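Line order of the protein sequences matches chains W and R.
Heads up: the first sequence begins at 1 in our numbering, then just goes up one per residue.
Heads up: the second sequence begins at 1 in our numbering, then just goes up one per residue.
Simulated from the structure, these hints should not be mistaken for lab results.
Each hint should be verified, as a subset may be incorrect.
Calculated cross-link-like contacts (lysine-lysine; reagent style BS3-like; alpha-carbon spacing at most 25 angstroms) [claimed, not checked]:
| id | chain 1 | residue 1 | chain 2 | residue 2 |
| --- | --- | --- | --- | --- |
| 1 | W | LYS38 | R | LYS126 |
| 2 | W | LYS120 | R | LYS39 |
| 3 | R | LYS92 | R | LYS262 |
| 4 | W | LYS38 | W | LYS49 |
Here the structure is a predicted model, which is why all the values come from computation and not from measurement.
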Amino acid sequence: MQDRGRLGIALVAPALAAVLVLFVYPLGYSLVTAFEAKGGGFTFGNFAKAFEFYSVDIGFTLVIIGLSTLLIALASIAIGGYLVLGESPRAVALLRWLYRWPLFIPFVVAAQCMRSFLAKNGLMNNTFVALGILEVDQTIGFLDWRGIVITFVWKQTPFVALLVAGAMAALDRSTIEAARNLGASRLRILFEILVPQVMPTLMVGLILSFVTMMSVLSVPLMISGESPTMMTVDMAFRINNYGDYGTANALGFISYLLTAGCAWVYLKRSIKP
Amino acid sequence: MSAWIGRALILGLLVFVVFGPLANLALWAAAEQWYFPHKLPLSYGTKFWEQVFKPRGDALASLMTSVWIALSTVATCLALAIPAGYALARLKLPWRSAILLAFLLPQAFPSVAVYINVARIFYELKLNGTMAGVILVHTVHGLVFAVWITAAAFAAVDRDLELAARNLGASGLRSFLTVSLPLAAPGIMASAIFVFLESLDEFTGTFFVGVPDVITLPLLMFTASIAGNYQIAAITALVLLVPSVLFMLFIERFLKADVLSKIGA
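Please build the complete structure, drawing on both the sequences and the hints.
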């Protein structure tokens with residue numbers, strides 16, 4: 001038995017070592033560098049500089065990701081709810097086929113799609129003009145922070161909706177039928193019976209997608225590289241233009257804190273009896 | 001009747017939202033001339049396709065680089081994940097759930113700041129701008145899929161079959177190679193596809209570690225797009241899109257419910 005335990009550790013060790021050397025070590029390096037002055041020694045100067053130059057972008061990062069997360073949650077609940085409660089089998093089948101498309105589309109490709117679609121003379125505005133909804137001079141481009149939100153929601157909703165719809169489909173149908181027989185509307189069934197029961201799945205999906213959005217560099221770079229934009233763009237800028245690791249890592253530290261805060265809120269909620 | 005009008009309107013809008021951006025990409029890929037204020041391309045053609053796919057062109061070289069990096073990443077990931085996955089599924093391990101979580105770490109932190117420091121460390125090791133450096137970065141990123149899915153695939157193998165092989169006198173290694181490994185192969189294949197796609201689509205890590213010498217397809221697409229070269233960007237984007245969409249359509253063939261239910265468990 002002792003031998004089997006040792007064999008197990010020996011088999012896991014190479015993979016664990018890869019994570020330690022190539023992820024945990026650089027992560028520690030970034031935490032230390034965030035508090036290190038240029039010539040060495042401890043300082044908060046990097047954070048002072050990060051806030052002085054980029055406080056607007058830190059705020060916008062929170063607004064962009066917070067708003068995206070909220071919209072993703074609403075869209076996923078709507079999609080999952082319709083897949084479970086929809087009355088027309090044909091519409092349900094169509095929706096099930098339709099909503100998944102962006103799931104595995106790479107972020108760079110999603111960004112390129114949106115870069116052309118949301119532009120002032122992109123396909124979106126052209127369609128509105130052709131349908132007579134807008135005049136040519138009324139069109140506005142969305143290639144700013146709003147475009148980042150739209151791209152994130154477009155790309156991430158299928159992932160969360162897939163999890164939510166799966167969890168909703170696995171629920172006991174009898175409570176739904178009972179509520180329906182008592183005359184509850186579908187909206188009420190959705191928000192009072194389905195959503196509370198799939199809350200853990202919804203939260204896991206939202207947190208995973210929160211971290212993903214905090215990590216994506218290509219979307220903000222391609223949709224809106226100018227300020228106000230996201231912290232990821234600022235980090236790349238500090239490195240590529242100034243080789244300024246201190247400020248970049250201070251921004252990185254702030255992005256870890258934002259993510260940790262979000263995870264902490266989730267854990268606090270889920271531990272409550 | 002009115003219910004169908006409402007449904008048709010909402011589904012129509014959804015079709016527009018989901019496929020509109022993709023349609024715009026397809027139009028750019030087929031356009032030869034398209035400028036404001038024209039709503040549709042002025043002329044269509046394959047001029048840019050020929051430019052992208054010309055022998056010894058940038059795009060073809062990038063495609064080869066991307067595929068080569070993705071295949072090497074899959075090989076490295078599987079070499080690490082098959083032993084680890086088997087141990088996690090079958091052997092007694094202290095701190096088992098902590099070990100499983102450790103592989104999730106690279107996906108649980110915002111990665112830009114980590115990649116900056118990987119690039120800094122690799123620079124000193126002369127790994128920056130090399131294929132090996134990029135493969136290492138992609139491997140760590142893909143390891144969570146490889147280890148978790150492989151472990152689930154081994155856990156789904158019927159334990160009695162392994163015991164029967166042992167009873168008939170097969171050694172531990174032999175029963176692993178002739179019973180467990182072949183039975184877990186579909187799940188391992190699924191994890192390999194996941195890792196391959198993750199590597200093929202990876203942007204941020206390559207952006208910091210690969211420059212200026214390793215230019216993968218996503219980086220080429222990005223450069224073309226920023227330079228305003230929308231046809232080239234759209235064509236490269238389509239090339240990246242094909243494997244992803246195929247995988248989306250066929251994922252259930254590879255990942256059966258018995259394996260899916262054991263992921264992360």
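Hint by hint, here is what the structure shows:
| no. | hint | in the structure |
| --- | --- | --- |
| 1 | LYS38(W) - LYS126(R) | 23 angstroms, holds |
| 2 | LYS120(W) - LYS39(R) | 11 angstroms, holds |
| 3 | LYS92(R) - LYS262(R) | 17 angstroms, holds |
| 4 | LYS38(W) - LYS49(W) | 13 angstroms, holds |
Checked against the numbered hints above, the structure breaks none of them.
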